[in-house]
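Protein sequences appear in the order of chains S and V. Everything in the first sequence is counted per our numbering, starting at 69 for the first residue and increasing by one. Everything in the second sequence is counted per our numbering, starting at 69 for the first residue and increasing by one.
In case anyone wonders, no lab produced these hints; they're calculated from the structure. Every value quoted in this text rests on a predicted model; they were computed, and no experiment measured them. A few of these clues could be false.
Note that the list lumps identical chains together, so a pair holds whenever it fits in one copy or between two copies.
[Claimed, not checked] Below, in silico cross-link-like pairs of lysine to any residue (SDA-like), each with a Cα-Cα straight-line distance of 20 Å or less:
no., residue 1, residue 2
1, 290, 212
2, 290, 243
3, 92, 70
4, 176, 277
5, 290, 214
6, 93, 209
7, 213, 285
8, 213, 286
9, 213, 144
10, 247, 69
11, 290, 204
12, 287, 71
13, 93, 204
14, 290, 242
15, 213, 290
16, 253, 272
Protein chains: 2
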Amino acid sequence: MSFTYKYPRPAVAVDMVIFGYDTKKLRVLLIRRGIEPFFDCWALPGGFVNPDESLDDAARRELAEETGLDQIFMEQLYSFGSVDRDPRERVISVCYYALIDLLGTTPKGASDAAEARWFNIDDLPTLAFDHNEILNFSLERIRGKLSYQPVGFELLPRLFTLSQLQRLYEVILGHALDKRNFRKKLMKMDLLLATDEYETNVSHRAAQFYCFDRPKYQKLVKEGFAFDL
Amino acid sequence: MSFTYKYPRPAVAVDMVIFGYDTKKLRVLLIRRGIEPFFDCWALPGGFVNPDESLDDAARRELAEETGLDQIFMEQLYSFGSVDRDPRERVISVCYYALIDLLGTTPKGASDAAEARWFNIDDLPTLAFDHNEILNFSLERIRGKLSYQPVGFELLPRLFTLSQLQRLYEVILGHALDKRNFRKKLMKMDLLLATDEYETNVSHRAAQFYCFDRPKYQKLVKEGFAFDL
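Isolated chain S (complex conformation):
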């Protein structure tokens, strides 16, 4: 089979940057390529868009095929289209990203991926194609978003301590935050409701549990806020 067109056409791919959070580290899901080019190299999961599927559908299908992960809400990030980003031919990549809970996810490589694995964001291999660039772009976007949108709050349990919330910020940002300052700013956002519950069975002073003020949370997701990190 072959397909003929009057003008040259690029191939169109989707690539997915899936960040995973586990209260200690921010990780990213990579696959080891089982095909050329960049055979055996680590890369973002991704692949070509089929003629009968939307970009969103292609992203979901490729992620599931190559890593076994599905039911993940991804957001379209950016399209990368430098002329020479693929050594074979012109390929335009529409990129998606997501931030998910590492707990309970065990990716496995399949299809064009020999292996799928979570990598610590601070300890990444050199990736195939321009995937290091795409990954950095995504990381900047997600870190930038922290200052004007509640990012990743879904990764916390329903009731959480302020330390857990600070830890979430620190893991995504990749650096420590001043505790007093963080709490002061947090309270100004007026997003949390204190509960009557406290930690139990802890050796230190039991911390109070908080939950989100849901209506306020939804409003902030929609309208944004300022959180000067």
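Given the structure of chain S, go ahead and fit chain V onto it with the hints provided.
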């Protein structure tokens, strides 16, 4: 000439949403199509990406070809890829947007565009393809941005009154804002420097001129702020 591939390929286009600001109205630049499909219909300027140019370059080239506008800083917005968005064949569109000063711009149609014209955002024709959807998506994005980034402040003169700034917000948002509330929030942002200069030759009480605190402005562009509109 023809080009043959092993797998079917979509065509890749760029489409540009250029918003124009003239202190009274928010407008958008449209072209009247001089070719099929949607011959004679209004549409966003745009066209196919050449094999030897990046997506950004294609956007600049097509905008210049179809409307005569160049030197416009556009930002990539989103890629639209529904399977049936073009009646001819599969076309994926990478969209760009910009907000520019209407003063001094006189678009003229050329290339595939029979005509180019600014339309009031409140009075749009039905557009070709899914261009109404793309336009609405862009409008939402630019309005949403107002709440966490200084948008379009470059469209103001170096020295401006608070009324001019409020007008900019109102024109982009498409509705009036309460003056006292607006000023209160504005002052909280701590972004403006009062000057010693006042309007002259006005019948009402002369308003004071302000300018931006540039370092603070740059910081806000980078980090975001909250402006609860």
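Check each numbered hint against the structure and report the violated ones by number, ascending. Failing hints, ascending: 3, 4, 10, 12 and 16.
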